[in-house]
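Trainee: Turn these sequences into a full structure, and let the hints guide you.
Each protein sequence line maps, in turn, to chains A and B. Those letters in the first sequence? Residues 1 to 403, by the working numbering. Those letters in the second sequence? Residues 1 to 89, by the working numbering.
By construction, these hints were calculated from the structure, which means they are not laboratory data. Incorrect hints may have been included.
The calculated DSS-like cross-link candidates involving lysine-lysine, where the alpha carbons are at most 25 Å apart (straight line), are [stated by the list, open to error]:
| # | chain 1 | residue 1 | chain 2 | residue 2 |
| --- | --- | --- | --- | --- |
| 1 | A | Lys199 | A | Lys125 |
| 2 | A | Lys199 | B | Lys64 |
| 3 | B | Lys64 | A | Lys209 |
Some but not every residue of chain A turned toward chain B, in silico, with C-beta under 10 Å [stated by the list, open to error]:
| # | residue |
| --- | --- |
| 4 | Ser45 |
| 5 | Lys199 |
| 6 | Gly203 |
| 7 | Leu204 |
| 8 | Met207 |
| 9 | Ser208 |
| 10 | Ile262 |
| 11 | Val263 |
| 12 | Met264 |
| 13 | Gly297 |
| 14 | Ala299 |
Which stretches of chain B does chain A cover? Using the computed rule of at least three CB atoms under 8 Å from a CB of chain A, they are [as the list claims (entries may be wrong)]:
| # | segment |
| --- | --- |
| 15 | 38-47 |
| 16 | 50-59 |
Predicted model only: the values in this text are computed from it and were never measured. Glycine included, every Cβ here is placed at the ideal spot set by N, Cα and C.
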Amino acid sequence: MRRVVITGAGTINALARDVPGTLAAFREGRCGIGPLEFRDVERLSIQIGGQVRDWNPEQHFNRQQLVIYDKFTQFTLLAAREAVAQSGLNFDGHLGYEAGVVLGTAGGGVNTWDENYRTVYEEGKNRVHPFVVPRLMNNAAASHLSMEFNLRGPVFTVSTACASSNHAMGQAFQMIRAGQCKAVLTGGSESMLCFGGIKAWEGLRVMSKDACRPFSLNRNGMVQGEGAAVFVFEDYEHAARRGAEILAEVAGFAMTSDAGDIVMPSQQGAARAMAGALRDAGLAPDEVGYINAHGTGTAANDRTECAAVAEVFGAAADRVMISSTKAMHGHLIGGTGAVELLACIMALRDGVIAPTIGHDEPDPECALDVVPNVARMARVKAVLSNAFAFGGLNAVLALRAAP
Amino acid sequence: MTQNVTERVIAILADQAMMDPAAIRLEDTLADLGLDSLGLVESLFALEEAFDISVPFNANEPAKSDFDLSSVAAIIAAVEGLVAEARAA
Chain A
1 MRRVVITGAG TINALARDVP GTLAAFREGR CGIGPLEFRD VERLSIQIGG QVRDWNPEQH
61 FNRQQLVIYD KFTQFTLLAA REAVAQSGLN FDGHLGYEAG VVLGTAGGGV NTWDENYRTV
121 YEEGKNRVHP FVVPRLMNNA AASHLSMEFN LRGPVFTVST ACASSNHAMG QAFQMIRAGQ
181 CKAVLTGGSE SMLCFGGIKA WEGLRVMSKD ACRPFSLNRN GMVQGEGAAV FVFEDYEHAA
241 RRGAEILAEV AGFAMTSDAG DIVMPSQQGA ARAMAGALRD AGLAPDEVGY INAHGTGTAA
301 NDRTECAAVA EVFGAAADRV MISSTKAMHG HLIGGTGAVE LLACIMALRD GVIAPTIGHD
361 EPDPECALDV VPNVARMARV KAVLSNAFAF GGLNAVLALR AAP
Chain B
1 MTQNVTERVI AILADQAMMD PAAIRLEDTL ADLGLDSLGL VESLFALEEA FDISVPFNAN
61 EPAKSDFDLS SVAAIIAAVE GLVAEARAA
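Mentor: What follows is the structure in structure tokens.
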């Protein structure tokens, strides 16, 4: 089996439009959640989110590109450009045939669906733009990355709700580990902050009207975000040979299914995924210094996740730091694991643990070190990143510091 | 009207619980009716649609809700309150 490392990272989210800005926000514990701004927002009962403000796609894309790129594709391309530039890779030659793309998204081109349904149902028009289908399809972003960077190997999208990005990155990891690819662009993107996107979520009554407060006793629900993060996963020897800067090593991955309930999480399913990732990485629980939690800020997730950590880590659960950065950037649904992997890289590289902001009161049912409100300096050698999706699908990545 | 609200609420809960309305007692809890979290949000949706009301309920903090869900009788009273509010508005 081949070793897999990360040699490039890029993002755009409510906190910043690049990785340095996002990491700075993590260090400062800054909140990117605020009032949503889009058409018909006044008809929603939930009016806050982690929105990318003043988004001006004309700054990044020409007219022909804009007619074919939904916002989730625009976010993906922006993040990928930053990641590929950092990696220093050029896929124009033979490498393009040994490189691919695996991305996660839950909704794909939700804004495109929303705008065009409005056109035909609300405005009563009988014609929509001819590119509606290629804009909204879930694989659009992956395909546009392949075209922009000449990636001619395996290219596809996985969609597992809130675990999409982690499933995608796990797949990319396994493809390089198996020798199928030398490099894979991977991560995820989501952009469902629009009237229909939020209206659909309201019905479940799990969203907060005021703030995302993971692990805090007074938490009252999740808050959505939008954006993307893309990473260059690369064969370690390939990266080492060209003297690339290595951000971290992807050491293990596991996925499980609860086979239980379509929305309620299961401690056992989450615990099996964490234990599986540790086993796959050859890590003992006490070697893990930090867990990036799924930490949605719902009553059900946070309690179940903490119980699962306690079960898997045993005595080491009292020493491991666990935080949820969703209180800062919101829940990016299918893109969330990708943005959150940045906090894992920051912990391993910079020795800074991103805080769980909005933490007002400890919850006895979440009795772990949740790094409340203020970032912390700490040396960690290995980390986990959790994602637990609706549908009972769990995906956990294990990372080690760069070799 | 009260009788009407009672019958309609019971009919909605019976439909969600897949029970005969006659088998539902006013003191039953949602758990007694076998309604889980999804059954609950679906019932609230059905009540909102039937009575043209908006039920304030966040699944993360059920205790903080003004809408009393502790029994069938409580739900009927809460719906009556919201219907009266809507009529007054």
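Trainee: All the hints need checking, so say for each whether the structure fits it.
Mentor: Verification of the hints:
1. A:Lys199 with A:Lys125: Answer holds: Lys199 of chain A to Lys125 of chain A is near 23 Å, not above 25 Å.
2. A:Lys199 with B:Lys64: It holds: about 23 Å lies between the C-alpha atoms, which stays within 25 Å.
3. B:Lys64 with A:Lys209: Answer holds: Lys64 of chain B to Lys209 of chain A is near 14 Å, not above 25 Å.
4. Ser45: With Cβ-Cβ at 8 Å, under 10 Å, it holds.
5. Lys199: With a minimum Cβ separation of about 13 Å from chain B (threshold 10 Å), the hint on Lys199 of chain A is violated.
6. Gly203: holds, 6 Å
7. Leu204: holds, 6 Å
8. Met207: Holds - the Cβ of Met207 of chain A comes within 10 Å of chain B, reaching about 8 Å at its closest.
9. Ser208: holds, 7 Å
10. Ile262: Holds, because the Cβ-Cβ distance from Ile262 of chain A to chain B comes to roughly 7 Å (cut-off 10 Å).
11. Val263: holds, 6 Å
12. Met264: Because about 6 Å separates Met264 of chain A from the closest Cβ in chain B, which is inside the 10 Å limit, the hint holds.
13. Gly297: Since the shortest Cβ distance to chain B is 8 Å, the answer is holds.
14. Ala299: holds, 4 Å
15. 38-47: holds (count 4)
16. 50-59: It holds, with 4 qualifying residues against the three required.
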